Every structure is written in structure tokens, then in C-alpha cells.
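Asks: Residue numbers (this note's numbering), protein chains in the order written: chain Z, 1 to 498; chain F, 1001 to 1334.
Please keep in mind that the hints were generated in silico from the structure rather than gathered at the bench.
Among the hints, erroneous ones may be present.
[Unchecked claim] Derived coverage of chain F by chain Z (criterion: at least 3 residues anywhere in the stretch with Cβ under 8 Å from a Cβ of chain Z; other residues may be distant):
| # | region |
| --- | --- |
| 1 | 1205-1211 |
| 2 | 1217-1223 |
[As the list claims (entries may be wrong)] If you only want the chain F side, here are some residues facing chain Z, beta carbon under 10 Å, derived:
| # | residue |
| --- | --- |
| 3 | 1196 |
| 4 | 1199 |
| 5 | 1200 |
| 6 | 1201 |
| 7 | 1202 |
| 8 | 1275 |
| 9 | 1279 |
| 10 | 1280 |
Quantities reported herein were computed from a predicted structural model and do not represent experimental measurements.
Glycine included, every Cβ here is placed at the ideal spot set by N, Cα and C.
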Amino acid sequence: MVVTPVLSVRSVSKSFPGVRALDGVNMDVLPGEVHALLGENGAGKSTLMKIISGIIPKDDGEIFLDGKPVHFSSPRDALAAGIALVQQELSLVPYLSIAENVFLGRWPRKGIQVDWSAIVSGTQRLLERFGIQEDPRTPVGFLSVAEQQMVEILKAVSRPNIRLLLLDEPTSALSEDEVNRLFELISEIKKTGIGIIFISHKLNEALRIADRVTVLRDGRKVITEETSRLDERMLFEHLTGKPVAFLEAAHEGDHAGAAFALSLERFSVGGFVRDVTLKVREGEVFVLFGLVGSGRSTLARGLFGLERTEGKMVLGDRVVRPRSPQEAIALGIGYLPEDRRNALVYELPVFANITLAILSLVSRRGVLRIREEMRLAENFVQSLRIKTPNVLREVLYLSGGNQQKVLLARWLARKPKILIMDEPTRGIDVGAKFEIREMVRDLAREGLTILYITSEPVEAIEVADRIAVMRNGRIIRVFEHPKDVDKAMLLAVASGVS
Amino acid sequence: MPQYRVLAWRGGDLVSLLLKGGSLVGLIALSAVFALLSPYFFTLSNWLNIFRQVAVVLIAASAQTMVIITAGIDLSVGSVLALGGCLAAVAMSYWGWPFASGALLGLFFATLAGLANGTIIAKGKIPDFIATLGMLGAVRGIALLITGGLPVPSHFTATKLAGYLPESIVWLGSGHLGGIPVPMIFALLVVAVTWFILNRTTFGRSLYAVGGNREAARAAGINVDRVKILVYGVSGLYCGFAGLVLVGRMNSANALMAEGLELQTIAAVVIGGTNLFGGKGSVFGTLVGAILMGVLSNGLNLLNVEPFWQRVVNGLLIVAVVVFDQWRRRIVRD
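Extracted from the complex, chain Z is given alone in its bound form:
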């Protein structure tokens, strides 16, 4: 028996001035199927998603919903036909309850007033059906990001005629545990026969949740394949079009003899991170591994003077307590925050973002030496392979990976003693990810001490000289030899299973 796909995309193309974003792409989503759509930034996955959900028109090709050709001129059309899109930025009203949000804009009426009991009981049924324990009357603003996302998904599937659910990077802000809950929800939705497109750049998650995977590269479809026939390595090759050269965990550095660059004794940050004691040696990549909410970012913010701290912090041989980023920087600490948006000034050009932390070094009595700034920036653009037409380009127009490199350049220009990097590879495409990890290793080899924060176990193992695992604001365990650690063990320690 041939099953009619929920969605068929046939030779869809789309051009923007100067670029062919989609080139004759075909794709099918079957009823009850989770179909992962993978691709690096700029591969065309967002464009395809926007076309399917009616946000932008296609140039060419056809789209069928349940076998019938459809043509959308707005997201509203697509929604009416049964296609719902859940975007990264959620669109819930924080002061309204779960129930009110789920039925937003289509509240059932009783006479002229809203039928509240119908809304609440309807939502209650929905929550129970998908195994979510929340009171439908809770204001959405009180929920965690993960829970809000689930509400957003419920809102989509609660529509009576829903046929296809598009999830755009739904896991990007979630912890491991929350991802598991989300995946349970997705599995439940599958059973109802709705087709699901799961857009992601996390290969392991796609392999876990999807039935089939479609990979896009430079606007073309590379493959559609059943998940059971794929592994991470193959996916990576399809994504980048290059054979894999996974980083062999180098760990050549024997730092046992090196002096301590940073030591913390009973160091506490903001009442959450408590009694952290650790010693980081010069020229070492020290990984702080932990799930979201484990306190690693709080610790980093404390070290950089962004939070109140207690306890002893020794930098080299000086006892210090930075109370502002300004003081921390003067002490030789650099910091790449978890979210690039908190560090980049998007409307300033590349060169000005690179020199932002060294303004006093590229100026004389307050007057900037712009030529020197440019020269310095151009050197970094070359050595870090930052892809930008020139250093005058606003950072806004660079890709995530290149933005991250601009930040890296900012700190390298400052020549810090210690560089704290919080999730430096988050949200950037796979190629740039490996490049940045390689740079981290190179920098450590040249003597820079790096405190590297990540929640990806493979990344931790590959990049680290030593790994400390955090949970609930404390350091649970330190692994001296990352080579002997495996992914499962790290996760187990971090989530408290072991």
C-alpha cells in the first residue's frame, strides 16, 4: 500500500539577489513521521521552512498537502491548511495562562463572554494526553523556556485540522533533561499521525528522534535517508561535503610541572555556585562540563566580575577579586559569554568590535589611531580566517561562526592570561565548530590558559586537558585524563545518575 505523504515538496527553487538559496529541492513527509532537516547555516533549511509555512513565496516548483497542490501567500493560509510552525523565538503572552495561550485568538464563546471552563478543561485534556503535569491556569511567564516551548507546540497541535508541524531548532535552549521531555512529547504527537519536520544542526539529536533525515547543502538536497542507515560521521560528511577529520584528542600537554594560572578556594558565586575549589595550570585547556543550569556559566560570570563572589581567587600569585569586567580585564582575564549577543556590538564594524577591549592600547591621549586598529584587525581576519569582505563590514552581516571568531580576536588582541569561553561553539555550523576547537588547542599550545565551558560531552573530551563536572552549583568530579573518559560517563556524572 502506498501511503500518501502529508507533505510533498517537488523541485522547489528560490533565489535571492545574488544567491540561489534553494535549487530544485524534493522532500516528502509521511503521516506520523519525524523528518529531520539538516544543513549548515546558509544551506537553505530556513528558506525551505519559510516557504512551506507561507512566510515567503517560492519561485518555482510545487507543494502538495495530503496529495493536493497548495499555494500559500501568508503564514495564515498555511495555518488554515494545517501547517504550523514553531519558531525559536516563542510567541506566547507571558501574563496569560497556559490555557489562554493555547486557545489564543480562538477562544470559545458562551454568549458574548469567553467560555473559560471550556478553555481550561480543553487544555487540561491536552496536557494529560501528552503527559505534561501543569495546571492550565498557570501564567506562561512562570514556566521555564522548555515548558513554554511545549505549550507553544501544544498550541499548534490543538488546532483541529493540523497536519504538519515544523519545529525550528527546538532544542537550542534546552538542557539534556529537557530535550528528553521534548522528545517524549514529539513521540506522542507522532502517534496522532501528524507529520513533523525537525530542523536542527545537532546531528546526534536528529539521529535520535528522526525516522528519516534530509540533508541540504548550498541550496540542494544531498540525501534523504532512513536514520537507521546513518551515523554521525556520515551525516557530517554529507553536511560539509568534506571527508571527516575528527580531532584526535591531542592531550600532548603534560602540564603537571606548570605553574598555576588560576586557583579557587571555597569560591562561591551569587549564592548558587558554592565552595568551588580548583586549580588550573598555565597553558591548559580546563573544561567545565555541566548541563544547562549546573552553575558553570554563573561561575564564569563570577570570575569575570559580573556577579558577587566570596572565597579566595588567586590569579598567578595574586589574590584577587574582580568586581567589574573592567577590573577582570585589567587582571588579564578574557571572557566569551554563552550568548554572543551579550558581547558583540552588531552595528559597529568588524575592526571596532575587535579593538573594543583594547581602546586604550590603540589610542594616544584618547585619540584613536584608526590605521593601527585596521592593521591589527586585518591581521586577525587573516590568521583566524574570518570570512568578511573587509574589516569595515558591520558584524551584523557575518555568520555565527565568524562572529564568534571576531570575539575570539578581541580577546587575543588583549593578550589575556586566562580566556574563559562559555559554549563557544553553540549555534554555529559544524565546519566552524571544528575550526574553533582546533584554534583553542593551538592557543593552549602557545601558552594561553583556557577555561572552556561546554555541555557537549564529545566536545569536552576532544578539547580538554582536564575536565571538571559541575552539578547544582558544585564541582562534582574532576577527570585528570579525558582520554579515558567516555561520553556516557560524563553525562551520568553531570546528571547525577551515577
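Since the structure of chain Z is already known, use the hints to place chain F on it.
Replies: Frame of chain Z, contents of chain F only:
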């Protein structure tokens, strides 16, 4: 793919010209219209007149540009101008101070008022427009107290008078140098200095950083509070100077002078393309914006339009420009 669309708009077609150089195109178009309607408009003396009128607004608008680039707004410019001007005038005419010390006194207290604005905003962590709105009222009150609500100097207070205003301040406001109005020369000088600050100093770079992304500026080691306090201090200083120019032009100070200046400066800045939400802007844009406003008011005068209408036009112009600006951003983005 937003970036490609931006490239497409740089094609050099008429639409993109209008979108990018909006204010300059507007200025030329407006001048052409007035030139057609009034034979007097395109004469040298009329243009010198426009520049003389625009000078005070331009000086204060240069300060407003810097403040708005930090994502702030200074509503107290008019009041601070009046404070500086009145103090200087009182010192010179009642107390018999010479020009230099009287002028310094006015500049000093105007700067102080600006620094107070900045300190309240940075340390009190309150929105810029609230702090400066409060200052707008308070400082105007102080100016009234100082002058007793009377023009300085005036015949009502003849008994207190030590003398009239010195020649120097009159020259500053209404003198000529080689046929060019002195206030215009100083205003252009202020624009040049502001350009230098914004583009060639660490302080100027910090202004853009703080306005573009406050958190990022802090994380890069910039002392955000200090930048904020300083920029309002500079704004106070500029306004004090504008006050001296205005007193010189009118040959008299008055606690209620330059009312509504905040609206005029904000209009000049916004017409000039500076982002009202911070992080982006240039003082040359403000120059064009201020001249455009001057041309508008001059042209309406020449056409015998009631002055009250000019307020209506100015108010609507601000709103129209911001709407236009938002629309332009949307087009360029998607």
C-alpha cells in the same frame, strides 16, 4: 538571507537614493520648492539669516546626537541652555563680571546640570527620559529664580544694573567675520569637534558601543556609567555654550528662552538619520537635519504662514520622520 537584500538596495536606483540620503534629498527638494515660491529665498542674505537662526539649535543638536547615540535622550537641553545663558547674563550685567568669567560661570553650571542628569541616570538606574524630563522642569525653575522671571538686563531692574551685556557676547551671537555670521562659524566648529569626538576618540567609540549594546560594552571593559555621565556632562556644556550664543543674539537673557528646544534638536537628529534607539548615527546627518528645519521655518515665514503653524509642522515632521525611518529599516531588512 537579509544581507543579500541589503546589497540589492545599494543598486544606486532612485528608491535607494531616497532611502539612504533621505534628509539631504529632502533638504534640496524643500529648497527648490521655496525657491520657486519666493524669489527672496535663494539670496545670500537669506541663507546667512537661516544659518544665524539655525546656529543655536545646531549646537544643542550636536550634543543631542551624542546622547541619542548612547540610546539616551536629553529633554533638558532647552532648560540647561536657559540656565547657562541667564547665569552668564546675570553675572555680567548685575554683578559687573567681565565676559570671560561670566561665560565660564554659565558654562560651569550648565555642565554641572548635565553631569547631574548623567549621574541620576547611571547611578539611580532610571530611564534617561524620566531623569531629563525632571531636570527640564527643575532647571527651568532655577533659571526663573535667578532672573526673578524678568529679562536680563531689563529696565525693570535698572537699579540693580551694573551695566549692559559686554560687547564680546553680543559679537558671539550677532557679529560678523568676513561677512559670515559668527554664531554660524562657531556652530560649524562645534559640529567639527563633535565629528572628531565621535569618529576619532575612544570616548566617541564608547558612545556607539554603549548605545549599540550596553551589555557588550560593559563586557569589553568599558565603564558604562562613566560614559553615560560624561555624555550628559558634554551635553550640558554644549547647551551652556548655545545659551551664550542665544543671549548674544537677543542681547538679553530670559529664563523662558529656548522652550521646546528638545523637540527641535531631536527632530534635527532624527531627520539626520541617527537611530533614535542608539548605536548608530552621525553629526553630519544632524547638520543636514538642523538646516532642513531652519529652511522649513524660514520658507514658511517667507510665505507668510502663521508662526503657530510652524509648531504643528515641526511636531508632525518628527513623527513622520520616525515612521519613515522604521519603514525604511523594514524594507532594508526583509
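Asks: Next, verify each hint and record whether it holds.
Replies: Each hint, compared with the structure:
Chain Z is given as covering the region 1205-1211 of chain F, and this holds because 4 residues of the stretch bring a CB closer than 8 Å to a CB of that chain, at least three being needed. Check result for the region 1217-1223 of chain F against chain Z: holds, 7 residues qualifying (beta carbon to beta carbon below 8 Å, three or more required). Hint status for residue 1196(F) relative to chain Z: holds, with the closest Cβ pair at about 8 Å, below 10 Å. Taking 10 Å as the C-beta contact cut-off toward chain Z, the hint placing residue 1199(F) at the interface holds, the least distance being around 8 Å.
A least Cβ separation of about 6 Å between residue 1200(F) and chain Z falls short of the 10 Å threshold, and the interface hint therefore holds. Annotation: residue 1201(F) was flagged as interfacial toward chain Z, and the flag holds, the nearest CB pair being 5 Å apart, inside 10 Å. The interface hint given for residue 1202(F) holds, since its Cβ lies 4 Å from the closest Cβ of chain Z, which is under the 10 Å cut-off. Taken as an interface hint, residue 1275(F) checks out: its beta carbon lies about 8 Å from the nearest beta carbon of chain Z, inside 10 Å.
Hint status for residue 1279(F) relative to chain Z: holds, with the closest Cβ pair at about 5 Å, below 10 Å. A least Cβ separation of about 5 Å between residue 1280(F) and chain Z falls short of the 10 Å threshold, and the interface hint therefore holds.
In this structure, none of the earlier numbered hints is contradicted; all agree with it.
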